[in-house]
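Let the hints inform the model, and build the full structure from the sequences given.
Protein chains: 2
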Amino acid sequence: MRTLIDIVEMQSMADGLRKQGNRIGFVPTMGFFHEGHLSLMRKAKELSDVVVVSLFVNPAQFGPGEDFEEYPRDEERDSMLAMKNGCDVLFVPGVEGMYPKGYATYVQVNDLSTVLCGASRPGHFQGVTTVVTKLFNIVKPHVAIFGQKDAQQAIIIRRIAEDLNYGVDIVIAPIVRESDGLAMSSRNMYLNRKERAEAVVLHQSLLEAEKLIAAGERRAHVIREAMKSLITAKDSARIDYVSILDADTLQPLDLLQGRILIALAVRFGKARLIDNTIMTC
Amino acid sequence: MRTLIDIVEMQSMADGLRKQGNRIGFVPTMGFFHEGHLSLMRKAKELSDVVVVSLFVNPAQFGPGEDFEEYPRDEERDSMLAMKNGCDVLFVPGVEGMYPKGYATYVQVNDLSTVLCGASRPGHFQGVTTVVTKLFNIVKPHVAIFGQKDAQQAIIIRRIAEDLNYGVDIVIAPIVRESDGLAMSSRNMYLNRKERAEAVVLHQSLLEAEKLIAAGERRAHVIREAMKSLITAKDSARIDYVSILDADTLQPLDLLQGRILIALAVRFGKARLIDNTIMTC
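For the record, the sequence lines run as chains A and B. Under my numbering, the first residue of the first sequence carries the number 1, and numbering increases by one thereafter. Under my numbering, the first residue of the second sequence carries the number 1, and numbering increases by one thereafter.
Do not rely on the hints blindly, as some may be mistaken.
Identical copies look the same in the list; a pair holds intra-copy or inter-copy alike.
Mimicking EDC-like on lysine to aspartate or glutamate, the simulated pairs with C-alpha atoms at most 16 Å apart in a straight line are [said to hold, decoys possible]:
hint	residue 1	residue 2
1	LYS228	GLU198
2	LYS101	ASP248
3	LYS211	GLU225
4	LYS101	ASP111
5	LYS101	GLU162
No wet-lab data here; the hints were simulated from the structure.
Structure representation (structure tokens):
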């Protein structure tokens, strides 16, 4: 595995790889790898000849007062894990290289970016779409793998890839969970013991929703109330949103029909955790 | 010369050309070619192996009530002129292909886009930067040629190419003028005989500014007033702006120093014409 920090060097390597007929698979990350990230790398390996993993804690997607500074970092451990999971090139650009003085260009997706996490975190998705656009231009992938845990992000990335004619296949890989069902997240490390135990309710509330739907319930408010009462029964939980939406347009639904996304964001102490499930009704 | 209308076909051809080691030169246009456009094509030919010219009247860069519908079009003549001036591939995408139903992604450049033409034409530069981003992803050029006549556009395009890591050389070619000094523009065809005669004042006012500066004048307001009184002496002229700015940051200047841009936009009847000069003081 090679590690590159220089943008132009990464770009020339990508050009060279393409010229030689290689299919480039790309996994953009903010590092502090868990099994979720590693599953994306292995998926990329299946789908391409050369796997590039980027490791960049992107300041543009953190709002003022959010956890950019304390976001967990461990590049040495990440490097070892990446190497063992199919990564061929680890790309670790610096903040000054990515956003030099005078930087002024942003990519935004209307409508999809202002609901759910976009409502709680203004500017977050503009930061995500901007950095992904830059990374696509640097890494020049044929296929890029994103995790289903960030469901809204996945939908938005598909939109920019299509709208801006990237010609990059966007593959969405399933959520990887701890044995008790908690979705893996770098932010789980913020949880104390009590919060960690209580956070399991996120997955349980999604399972409850699936159960209600399987039993024929189609009224969104009934399902949301059932989920919310499970979650609020936990001392340390503070709901940000529990939403049921059309899985493609992200429009909220009153009655469930077609491909639906049930998504939630809940704070436990200083950790803001998200989880979701997609179903067809 | 080949003519392509399909986006994916253009993209595969660009991939193939790159794989074979060709340098792709790109001239994005809205068609209705005059000598200005043709000079860009010939410049592209000098700088690359394969010249792609796009012809797309981009609705996203026209505001409500602007001249999108009546913007002059003559694809047959354009095709012939392109072929004679070094174009290898003429790319003529359709509006539905470029902006399909559900299209939602826009690229914007802060600060640079809200002054000068951006102040008179809100949303104009977002339309320009978005379509250029898309065209860069479709045509995959090594070098792209823009005209100095759209000075603000040229500065903004350089910014997005650098900020979004396109790795595309942006070359700015000089303004091409009619024998009486009027800058060539597809919109000159909107002028009636009287307006056409009076529009020469745009270039004359720039020459007057250059003369004053050569004589040692450095006060921006003195130069602007001299230009404005020349222009307003013409019956049919309606000034949109006459500005003297830093040529890199587009910040207005009180005292001229360094690389400066003198730019103007003036309406003659239904034509809104622009012109400019760059000098070093």
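For each hint, the structure was consulted:
no. : hint              : result
1   : LYS228 <-> GLU198 : within (14 Å within a copy, 71 Å between copies)
2   : LYS101 <-> ASP248 : between (37 Å within a copy, 13 Å between copies)
3   : LYS211 <-> GLU225 : within (14 Å within a copy, 75 Å between copies)
4   : LYS101 <-> ASP111 : between (30 Å within a copy, 14 Å between copies)
5   : LYS101 <-> GLU162 : between (30 Å within a copy, 12 Å between copies)
In terms of the numbered hints stated before, the structure departs from none.
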